[in-house]
Amino acid sequence: MVSSANHKLLRVENLVLHFRTTVGTVQAVDGIDFELDSNRAVVILGESGCGKTSLAKAILRLLPRNVEKYTGKVYLNGVDIMALNDEEFRQNIRWVGISLVPQAAMNSLNPVIRVGDQVAEPAIVHLGIKKAEAWNLAKQMFQHVGVPEDFLYRYPFELSGGMRQRVAIAMALVTSPSLIVLDEPTSALDLLTQANIFNVLKRIKKELGTSFILITHDIATSSELADEVAIMYAGQIVEVGHAKDFFPKPLHPYAEMLMASVPRLRQDQDPEFIVGQPPSLINLPTSCRFAPRCPKRFSKCDQDPPMIEKDGRKVKCWLYA
Amino acid sequence: MAETQVVASKSSSEDTRKVLLSIQNVRVWFELRRFGFGIAGYVRAVDGVAFDLHEGEAIAVVGESGCGKSSLMRTILGLHRPREGQVVFEDKVISEMGREGLKWYRMHVGYIQQDPYGALPPFMSVQRILEEPLITAGVHNKKEREERVRKVLTEVKMTPVEDFLHKFPHMLSGGQQQRTVIARAMIRNPRLIVADEPVSMLDASVRVEILKLLRSLQASHNLSFIYITHDLSTVKYFSERIFVMYAGQLVEKGPIGKILKNPLHPYTHALIAATSDPDARNAETYKEVPPGEPPSLVKPPAGCRFHPRCSRIIKGTCDVEEPPEFQPEPGHQVKCWLYK
Ligand SMILES: Nc1ncnc2c1ncn2[C@@H]1O[C@H](COP(=O)(O)OP(=O)(O)O)[C@@H](O)[C@H]1O
Ligand SMILES: Nc1ncnc2c1ncn2[C@@H]1O[C@H](COP(=O)(O)OP(=O)(O)O)[C@@H](O)[C@H]1O
Ligand code: SF4
Ligand SMILES: [Mg+2]
Ligand SMILES: [Mg+2]
Chain A
1 MVSSANHKLL
11 RVENLVLHFR
21 TTVGTVQAVD
31 GIDFELDSNR
41 AVVILGESGC
51 GKTSLAKAIL
61 RLLPRNVEKY
71 TGKVYLNGVD
81 IMALNDEEFR
91 QNIRWVGISL
101 VPQAAMNSLN
111 PVIRVGDQVA
121 EPAIVHLGIK
131 KAEAWNLAKQ
141 MFQHVGVPED
151 FLYRYPFELS
161 GGMRQRVAIA
171 MALVTSPSLI
181 VLDEPTSALD
191 LLTQANIFNV
201 LKRIKKELGT
211 SFILITHDIA
221 TSSELADEVA
231 IMYAGQIVEV
241 GHAKDFFPKP
251 LHPYAEMLMA
261 SVPRLRQDQD
271 PEFIVGQPPS
281 LINLPTSCRF
291 APRCPKRFSK
301 CDQDPPMIEK
311 DGRKVKCWLY
321 A
Chain B
1 MAETQVVASK
11 SSSEDTRKVL
21 LSIQNVRVWF
31 ELRRFGFGIA
41 GYVRAVDGVA
51 FDLHEGEAIA
61 VVGESGCGKS
71 SLMRTILGLH
81 RPREGQVVFE
91 DKVISEMGRE
101 GLKWYRMHVG
111 YIQQDPYGAL
121 PPFMSVQRIL
131 EEPLITAGVH
141 NKKEREERVR
151 KVLTEVKMTP
161 VEDFLHKFPH
171 MLSGGQQQRT
181 VIARAMIRNP
191 RLIVADEPVS
201 MLDASVRVEI
211 LKLLRSLQAS
221 HNLSFIYITH
231 DLSTVKYFSE
241 RIFVMYAGQL
251 VEKGPIGKIL
261 KNPLHPYTHA
271 LIAATSDPDA
281 RNAETYKEVP
291 PGEPPSLVKP
301 PAGCRFHPRC
311 SRIIKGTCDV
321 EEPPEFQPEP
331 GHQVKCWLYK
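Protein sequences, first through last, are from chains A and B. At position 200 of the first sequence (counting the first as 1) the number is 200 in my numbering, and the numbers step up by one without a gap. At position 296 of the second sequence (counting the first as 1) the number is 296 in my numbering, and the numbers step up by one without a gap.
If you're looking for bench data, these hints aren't it; they were derived computationally from the structure. Take the hints with a grain of salt, since some may be wrong.
Derived SDA-like pairs: lysine to any residue, alpha-carbon spacing no greater than 25 Å straight-line [said to hold, decoys possible]:
#1 A/LYS8 <-> A/MET307
#2 B/LYS151 <-> B/GLU100
#3 A/LYS206 <-> B/LYS151
#4 A/LYS139 <-> B/PRO291
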């Protein structure tokens, strides 16, 4: 898809994805707004269970059976892709417009198919090209992600975890999407492998102009790719802004505490922890969702705060009203 | 192949505390069986490791997965027998002990593993889980056991105790599960705690909470502590010395401050360079990462095990002869030819 000058690459408006369970409704994605320009990376940061993977699924319409509510708008290059029917979505959006590197992707490769065939497949299916041409593309993608060409002929078990993760990224790239969603792409990998994968992602961004949504709970490494940062708490985004504003001085009390909890190699201050636990996403309170754990809460916090704009940043907290 | 003698860490001479645990040139190899043909080779998971741990001292073993950290710990716990070398605890050679001896030894050693949920028996309540080690230790008085369970739960800050005693593991948060594992490791008043990646499965905010708890327990009980991790950014809040492990060997040992500020071994350098602090400027630069991947432990490279990836290799030396441990400054050892 060609991006046009007057549209954002991606705009998400009031996206909601709720699940039905026997104990009640899980409000996993609960009114999410954010935007992303072309050739930029946004990091969605949050603790486990806050709804990050559900957000990825909602954007890519990869839904489980027990959906209770799925509403909102997702514009890709100005087109509301939520309005497309499933067939149109499958043909024009998934892979071609947006691809996903799912959580634990490196362990979900098919063990009995050569990785070259696996990387070529989305190109054959979604770009409608011949196998030989798709293999050529796969070869190029291997170069981008730094996997030797002859590995195309190998099976997943013959590759290390880091190499398999690169293959999963190559697969997401092969259809030339303008946006790639990465769900915890390095969480299971070793330090040096992690650093390598981030080098690969930076290079892809620079060389191919791709945009990224990087979903992670790892605050320190998220800064390796982030142009924008969105902090997620209990199904909602509570702060969003440019990385260069966010990392030195987060605004939301939760974001502040999250940053203070990061152990740092190059600084001496002691990390602090956040008292209490994130709430269950069933029966959420009508107050600010962070209020029960917030050291700065005051009378207003009994009500749900709106998203407040401050110096080009957005923060969902009464302190900034 | 050149096999170098590794001697116990010299830093013991500067430390006036008593040595509690001494690891002497330990090798732990696992047999690789070939179908029908006996042994096809060995996985040299621990291959010549030596250090002394003092009473009340906290050390960290840092290395990437597969380098042999858990094998080393399991050997220290008496679960693997080294094929060479000795594990000595308070002047007793535990690597040669029988069942009774090991039973005595395990009273003094607590173990905290990586995956708290997998470590806890799912059908036992917290109270049962914590009483078990006391029963095996011969504490037959139920009242005494209950008192000790309450005391240890208070110490790991699972209060009010009544809220937790009758809970099952799946009813606890990840942090509470790990506290339960810690309580179980502490309940027999051990002298040594071995914690194998105790926080790597936890969320950032909980991670710090657990590390702080471990540190306060270490200090208040004057415990000797071995903290195993792949995360360099957490070690300085915790330990006095750090041991860097690569391909079955300790390649650098020394005080935390020295190693983090002035790493000597090229591998330690690479680990530090690859560790990110949260900083928006990170996105503007590429990281320097050594090429390739850690070697096979079945046929490790000749000479220095890091040489195929090392940018500072001295050709003709590093790829031929295994470097011994050099000591460029007191209390700081490095297994690298650059410091000859
Ligand atoms: N299909 C589903 N049905 C019911 N609950 C779900 C489903 N998928 C996820 N959840 C719940 O939604 C919440 C958010 O999950 P998830 O999006 O995976 O969070 P994260 O990726 O941030 O860890 C969790 O409480 C999870 O158990
Ligand atoms: N019981 C065993 N039998 C055979 N090989 C093993 C056994 N335990 C560990 N290994 C091998 O020893 C090496 C080191 O493993 P481990 O000690 O678990 O490393 P780490 O804890 O640093 O990840 C790995 O190659 C692993 O596959
Ligand atoms: S001994 Fe040689 S190859 Fe090994 S780390 Fe030192 S310089 Fe590099
Ligand atoms: Mg997830
Ligand atoms: Mg291990």
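Results for each hint:
1. Using a Cα cut-off of 25 Å, the hinted pair A/LYS8 and A/MET307 holds, with the two alpha carbons roughly 20 Å apart.
2. Proposed proximity of B/LYS151 and B/GLU100 is contradicted: the alpha carbons are some 28 Å apart, above 25 Å.
3. Between A/LYS206 and B/LYS151, the direct Cα distance comes to roughly 57 Å. Violation of the 25 Å bound is thereby established for this hinted pair.
4. The straight-line distance between the Cα atoms of A/LYS139 and B/PRO291 is roughly 21 Å, inside the 25 Å bound, and the hint therefore holds.
In this structure, the hints that do not hold are numbers 2 and 3, in rising order.
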